[in-house]
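Peer 1: Chains as they are written, first to last, in our numbering: chain S, 32 to 205; chain D, 538 to 916.
Just so you know, the hints here were simulated from the structure itself, not pulled from any lab data. C-beta atoms are modelled at their ideal positions from N, C-alpha and C, and glycine is treated no differently. Where hints are given, some of them may not hold.
Counterexamples of contact, computed for chain S against chain D with all Cβ distances above 12 Å [said to hold, decoys possible]:
id, residue
1, Asn69
2, Asp72
3, Arg81
4, Gly84
5, Glu103
6, Lys104
7, Val107
8, Gly143
9, Arg177
10, Trp182
11, Cys186
12, Gly188
13, Ala199
Rough simulated footprint, nothing fancy, chain D against chain S, three-plus residues with beta-carbon under 8 Å [as the list claims (entries may be wrong)]:
id, region
14, 41 to 55
15, 111 to 118
16, 147 to 159
Okay, derived cross-link-like pairs now, DSBU-like style, lysine-lysine, Cα gap no bigger than 30 Å in a straight line [to be verified]:
id, chain 1, residue 1, chain 2, residue 2
17, D, Lys610, D, Lys578
18, D, Lys835, D, Lys714
19, S, Lys187, S, Lys57
20, D, Lys556, D, Lys578
21, S, Lys57, S, Lys71
22, S, Lys74, S, Lys187
23, S, Lys41, D, Lys714
24, S, Lys41, D, Lys567
25, S, Lys41, D, Lys556
26, D, Lys714, D, Lys567
27, S, Lys57, D, Lys906
28, S, Lys104, S, Lys187
29, D, Lys906, S, Lys99
30, S, Lys74, S, Lys57
31, D, Lys757, D, Lys610
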Amino acid sequence: MGLIKEKYEKTMQVEGEWNVGAYRYKAPEGYLDEFVRNFKDRKITGTLCRGCGRVYVPPREICARCFKEITEKVEVSQYGEVMAFLVSPPLEKGKVVIAGIDAVQAGFLKEGERVILAMVRFEGTSSSMILPLLNVKPEDVRLGMRVRAVWAEECKGALSDLLGVEPAFDVRFE
Amino acid sequence: MKVAIIGYAISNLGWDVEKTREEHVFEVAKSAIEDAGIDRKDVCTVVSASTDFLDGRTISNCMLIGATGAYLKDESKAEEDGMYAALYAAQRIMAGVHEIALAVSHTHSWIFNPHQISHYMLEPWFDRQNDLLNEITLGALQARIYMNNYGADELDLAEISVKNLRNAANVPYAFRKLHDVTAEEVLEAEMYSDPLTELMISPPCDGAAAVVLASEEVAKEICPNPVWIKGIGNACDNYLRDRDLTRLNSLEIAARRAYRMAGIEEPFREVDVAEISERFAHQELMAYEALGFCREGKGRVLIEEGMTEVYGDIPVNPSGGALAGDPICATGMIRLIEAAKQIRGEAENQVEDCRTALAHAQWGLLAQKNLVFILGDEP
Numbered sequence: 032m033g034l035i036k037e038k039y040e041k042t043m044q045v046e047g048e049w050n051v052g053a054y055r056y057k058a059p060e061g062y063l064d065e066f067v068r069n070f071k072d073r074k075i076t077g078t079l080c081r082g083c084g085r086v087y088v089p090p091r092e093i094c095a096r097c098f099k100e101i102t103e104k105v106e107v108s109q110y111g112e113v114m115a116f117l118v119s120p121p122l123e124k125g126k127v128v129i130a131g132i133d134a135v136q137a138g139f140l141k142e143g144e145r146v147i148l149a150m151v152r153f154e155g156t157s158s159s160m161i162l163p164l165l166n167v168k169p170e171d172v173r174l175g176m177r178v179r180a181v182w183a184e185e186c187k188g189a190l191s192d193l194l195g196v197e198p199a200f201d202v203r204f205e
Numbered sequence: 538m539k540v541a542i543i544g545y546a547i548s549n550l551g552w553d554v555e556k557t558r559e560e561h562v563f564e565v566a567k568s569a570i571e572d573a574g575i576d577r578k579d580v581c582t583v584v585s586a587s588t589d590f591l592d593g594r595t596i597s598n599c600m601l602i603g604a605t606g607a608y609l610k611d612e613s614k615a616e617e618d619g620m621y622a623a624l625y626a627a628q629r630i631m632a633g634v635h636e637i638a639l640a641v642s643h644t645h646s647w648i649f650n651p652h653q654i655s656h657y658m659l660e661p662w663f664d665r666q667n668d669l670l671n672e673i674t675l676g677a678l679q680a681r682i683y684m685n686n687y688g689a690d691e692l693d694l695a696e697i698s699v700k701n702l703r704n705a706a707n708v709p710y711a712f713r714k715l716h717d718v719t720a721e722e723v724l725e726a727e728m729y730s731d732p733l734t735e736l737m738i739s740p741p742c743d744g745a746a747a748v749v750l751a752s753e754e755v756a757k758e759i760c761p762n763p764v765w766i767k768g769i770g771n772a773c774d775n776y777l778r779d780r781d782l783t784r785l786n787s788l789e790i791a792a793r794r795a796y797r798m799a800g801i802e803e804p805f806r807e808v809d810v811a812e813i814s815e816r817f818a819h820q821e822l823m824a825y826e827a828l829g830f831c832r833e834g835k836g837r838v839l840i841e842e843g844m845t846e847v848y849g850d851i852p853v854n855p856s857g858g859a860l861a862g863d864p865i866c867a868t869g870m871i872r873l874i875e876a877a878k879q880i881r882g883e884a885e886n887q888v889e890d891c892r893t894a895l896a897h898a899q900w901g902l903l904a905q906k907n908l909v910f911i912l913g914d915e916p
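Only chain S is shown next, with the shape it has when bound in the complex (with noise of 0.2 Å):
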């Protein structure tokens, strides 16, 4: 706790900090046995709604529409869409963490390079996930293009397994 400023003639600036400390949040169970122990294997978990067939993906443990618990699991398509993608300032090291890991220390992006997100729904799912479109240059990214999951080298079954998307040239959609 500390500084009193004496900025104005009627009101002192009194600064101070909210630490909080860590939260432990409870993420639902599909989440972690599921999507993200998966990700060893390459594969997108997503869970299925019994009531009106949706599929979310990152899993959720209850559909809003269907008031109902969702406990169907289903494995969903690597390939998706792009539904919106955004372009970030140039990178800084240690500035910019996606997922748990730094994304210039790991080498993937260089420094200085912009980095791109994405909106993605993969095939035949509801809901959108917001991942580093790797691979493309800002100017050739269109909307509702292609696009397929990259992975790891080696895939340990944790978040940062999942390293973004790139364009699926190879894929005509009709």
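Once you've looked at the hints, dock chain D against the given chain S.
Peer 2: Quick look at chain D alone, frame taken from chain S:
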């Protein structure tokens, strides 16, 4: 049971104002009570609205009991926009429990960066693992989806900013007033996240607002020109990843509920003026469609044809909207007050023959929750 707005107050919006939080709230609560022509002892219940994160303390209403006049009275706090405080106050009156209610809202954005907090609104397991996501970058994503789906372009977004910021030039309390801004200037302003430039994003600022609500009996007795609440609609959508971001579904449902309660069948013809909380320029276009002022995807036609200017067929945000100043929790309440001012004929950019006004507030990331009030000049 009918409810009327009988008094209101808006503070000056500014950055780093020379006032404490308590002084700011005291100022508006006092002037709203004076404006209503009543005394603190007549107020039965007080609802305040602010967020603990932006106040930098939890249960932040505890320190405001003196300032809001809630000392030894029925009091609660909504961790939401001020218009929700007005909603809960109105519901208390409708229930017949209380006669006069005071709703107060405030935010001092200067004390802590509000965009840092928006990162904590994200789901912690997946989205929050990505440092690049916050309200502005997500807003840019939403703008991209909307523009791609309906063929709107950056110029349409810029025109929204131009309209609102020019309107704000006449409003004495507004924070960002640019009376001769052009679309080129908006497009050339600093790029925050493509396609959103600085002038397309609502500027967080310090401000407070208060309204006094009363039951039909009391309002008719003590107030010469009460503004009546004719319709209320409220709806909350899914988390942003699980919903269709191209449209504001929850706003559409909220608006439909409010129109039904107020007996409005053709909003474009029956609503005289609308005050909308748009955190980003594209959200105003999306709101035109959700509120039923035009068909889906045609929001840009309204702005291109100038229909939403003060002189247009359906003026939207004659006060400048949230783009002219965004005291986060007070933004929606200021829209409600501006709508009431239009009915009373006291607004700076007064719309002619204004008898039905619409006010809208949003809360949550990318307008997850939406609330619509319809105000009228007779019960």
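Peer 1: Are the hints correct? Go through all of them and say.
Peer 2: Do the hints match the structure? See the list:
no. : hint                : in the structure
1   : Asn69               : holds, 15 Å
2   : Asp72               : holds, 19 Å
3   : Arg81               : holds, 17 Å
4   : Gly84               : holds, 14 Å
5   : Glu103              : holds, 17 Å
6   : Lys104              : holds, 16 Å
7   : Val107              : holds, 14 Å
8   : Gly143              : holds, 16 Å
9   : Arg177              : holds, 15 Å
10  : Trp182              : holds, 17 Å
11  : Cys186              : holds, 17 Å
12  : Gly188              : holds, 15 Å
13  : Ala199              : holds, 19 Å
14  : 41 to 55            : holds (count 5)
15  : 111 to 118          : holds (count 5)
16  : 147 to 159          : holds (count 5)
17  : D:Lys610 x D:Lys578 : holds, 9 Å
18  : D:Lys835 x D:Lys714 : holds, 28 Å
19  : S:Lys187 x S:Lys57  : holds, 21 Å
20  : D:Lys556 x D:Lys578 : holds, 26 Å
21  : S:Lys57 x S:Lys71   : holds, 22 Å
22  : S:Lys74 x S:Lys187  : holds, 12 Å
23  : S:Lys41 x D:Lys714  : holds, 26 Å
24  : S:Lys41 x D:Lys567  : holds, 20 Å
25  : S:Lys41 x D:Lys556  : holds, 7 Å
26  : D:Lys714 x D:Lys567 : holds, 27 Å
27  : S:Lys57 x D:Lys906  : holds, 25 Å
28  : S:Lys104 x S:Lys187 : holds, 21 Å
29  : D:Lys906 x S:Lys99  : holds, 22 Å
30  : S:Lys74 x S:Lys57   : holds, 23 Å
31  : D:Lys757 x D:Lys610 : holds, 24 Å
Every hint, counting from the list given before, is met by this structure.
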